Amino acid sequence: MLNVYDQLKKLNIKLPAASAPASAYVMSAQVGKTIFLSGHIAQKNGKIWSGKLGDTISTEEGRWAARSIAIDLIATLHAHLDDLNRVQRIVKVMSLVNSTPDFVEQHLVTNEASELFIAVFGERGKHARSAFGVTQIPLGACMEIELIAIAE
Amino acid sequence: MLNVYDQLKKLNIKLPAASAPASAYVMSAQVGKTIFLSGHIAQKNGKIWSGKLGDTISTEEGRWAARSIAIDLIATLHAHLDDLNRVQRIVKVMSLVNSTPDFVEQHLVTNEASELFIAVFGERGKHARSAFGVTQIPLGACMEIELIAIAE
Amino acid sequence: MLNVYDQLKKLNIKLPAASAPASAYVMSAQVGKTIFLSGHIAQKNGKIWSGKLGDTISTEEGRWAARSIAIDLIATLHAHLDDLNRVQRIVKVMSLVNSTPDFVEQHLVTNEASELFIAVFGERGKHARSAFGVTQIPLGACMEIELIAIAE
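Protein chains in written order, with numbering that gives the first Met the number 0: chain E, 0 to 151; chain C, 0 to 151; chain P, 0 to 151.
FYI, nobody ran anything at the bench for these hints, they're computed from the structure. Computed from a predicted model, the values in this text were never measured in an experiment. What you were told as hints is all true, and nothing was included just to trick you.
The calculated DSS-like cross-link candidates involving lysine-lysine, where the alpha carbons are at most 27 angstroms apart (straight line), are:
| # | chain 1 | residue 1 | chain 2 | residue 2 |
| --- | --- | --- | --- | --- |
| 1 | C | Lys46 | C | Lys8 |
| 2 | C | Lys32 | E | Lys32 |
| 3 | P | Lys32 | E | Lys125 |
| 4 | E | Lys43 | E | Lys8 |
| 5 | E | Lys32 | C | Lys125 |
| 6 | C | Lys125 | P | Lys46 |
| 7 | P | Lys32 | C | Lys32 |
| 8 | C | Lys32 | P | Lys125 |
| 9 | E | Lys125 | C | Lys46 |
| 10 | E | Lys32 | P | Lys125 |
I would like the entire structure built from these sequences, with the hints used as guidance.
Here is the structure:
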C-alpha cells in the first residue's frame, strides 16, 4: 500500500505546522472513525490570502490557493492522527470560493485540491465533493475548504 | 414495505444514466453504511441549466430544476447501490440556489426536491435539510444539491 | 460530569419550544448515533430575524442572532433526545451569514454560537466548524446554522 509520506516527498510537499483555530472551535473533531475538519481558509506566507475570484484573484491563482489549503488540511490531519497512513478515506470535500456573481469556474479552482488529495492518498483520496461560490469568507480569504475523513 | 421502483413508476419517472464527475472527484463515496453524494448541478436536456433565481430563473422554473436534480441524485444512488430498496434513509440534503441578493424563496424551490424524496422513499425519505442562496455555481448552473444517504 | 440543564440554568437560558419545519423536511434526522439538525434560521420574538450583515445588521446584532439560533438548535436537540445529557458531542457546525460582498466578520458573528455550545456542553461542545457569507437565506433571515451531534 502507498505510503502517504513518500507521496508527499515525491510531490516535494513539506507540511506546515497545523493551523490554530481563530476562535471558539477546534480544527478537527473525531467521533468513532469519522473526523470532521473545520473550514480552512487560504493563507499565503502566513497571512490571509484575501481577494475574490472573478475580480482580484484569477482562476490560476485560485488553483494555487486551493492547493495551499489542501496542504494545510493534510497538515491538520497529520497533527490529529500522528500518522497519515491511518487515513482510510478522504470521503467528502466542501469547497467555498469567494466569487463575484459572474465567476463560474469554482470547479476548476477546486480541482487543484481534489487532484492533490488523490496524488497524496491514491485510491483513498477519491472523495465526493461540492464546490460553489460564496459572497464572502472570514477575513476576506479567497477560499475556504472543509473535509471529512475516515480513520482506520 | 414500499418498493422504490414501483414509486418511481407511479410518478412516471424514468431514471437517467448516472452523471459522470466533471473532474477529479467521484459522484458518490461510501464508508460503512454512509454514502456521500457530490453536489449535482442542474441540467436540462443534457446541458447545464444555467441562470440565477431572482433574475433569469423564476421560482416555478427553480422548482423544476430542483426536481430534476433530485432525479439525478436518485439515479446516482441507483448506480451506486444497484438496488434503491437498500436505501435505509435519505438523511441530509444541502440545497444551493444561485440567487440574487434579494431572492428569498430558496426553501420553496428546494421543497420540490424534498417532496420528491418523500414521494419516492416514503418514511425513509424524510431528511434534515439546509437551503440557502449562493453567489454562483460551477458553469453557471441555477442550482446544486448534495445528499447523504444511509444504506442497509 | 456536567449536567447540561444546570448549565442552561446558570446561563439563564430557557429553551423555547422546538421549531417546526417550514416545509417538506424534518428538523432532525438520526441514523445510528449521528443526529443531523436542519439549518435553523434566525428568529426574534417568534418572527423571522431578517436583514444582511454589512448592511442592515451590525456584527453585534449578528452575534445575538447567532446566540438565538444556537438556543433554538439546543431546543431541537432536547425535543429529539428528551435528555440533553445524552449528547456525546456537538461535532460539526455550519454557519451561514447573510452577507454583503464586503462583510468579512462571519467568524466573529458565529463565535457567539460556538461559545454557547461550549458553555452549555463543556468539552462535549467542542466542534469543527465552517462559517461563510451567503447571498441570501430563506425568508430573508440574517443567519442560518446547521449542526451535527452524536448521541450516546
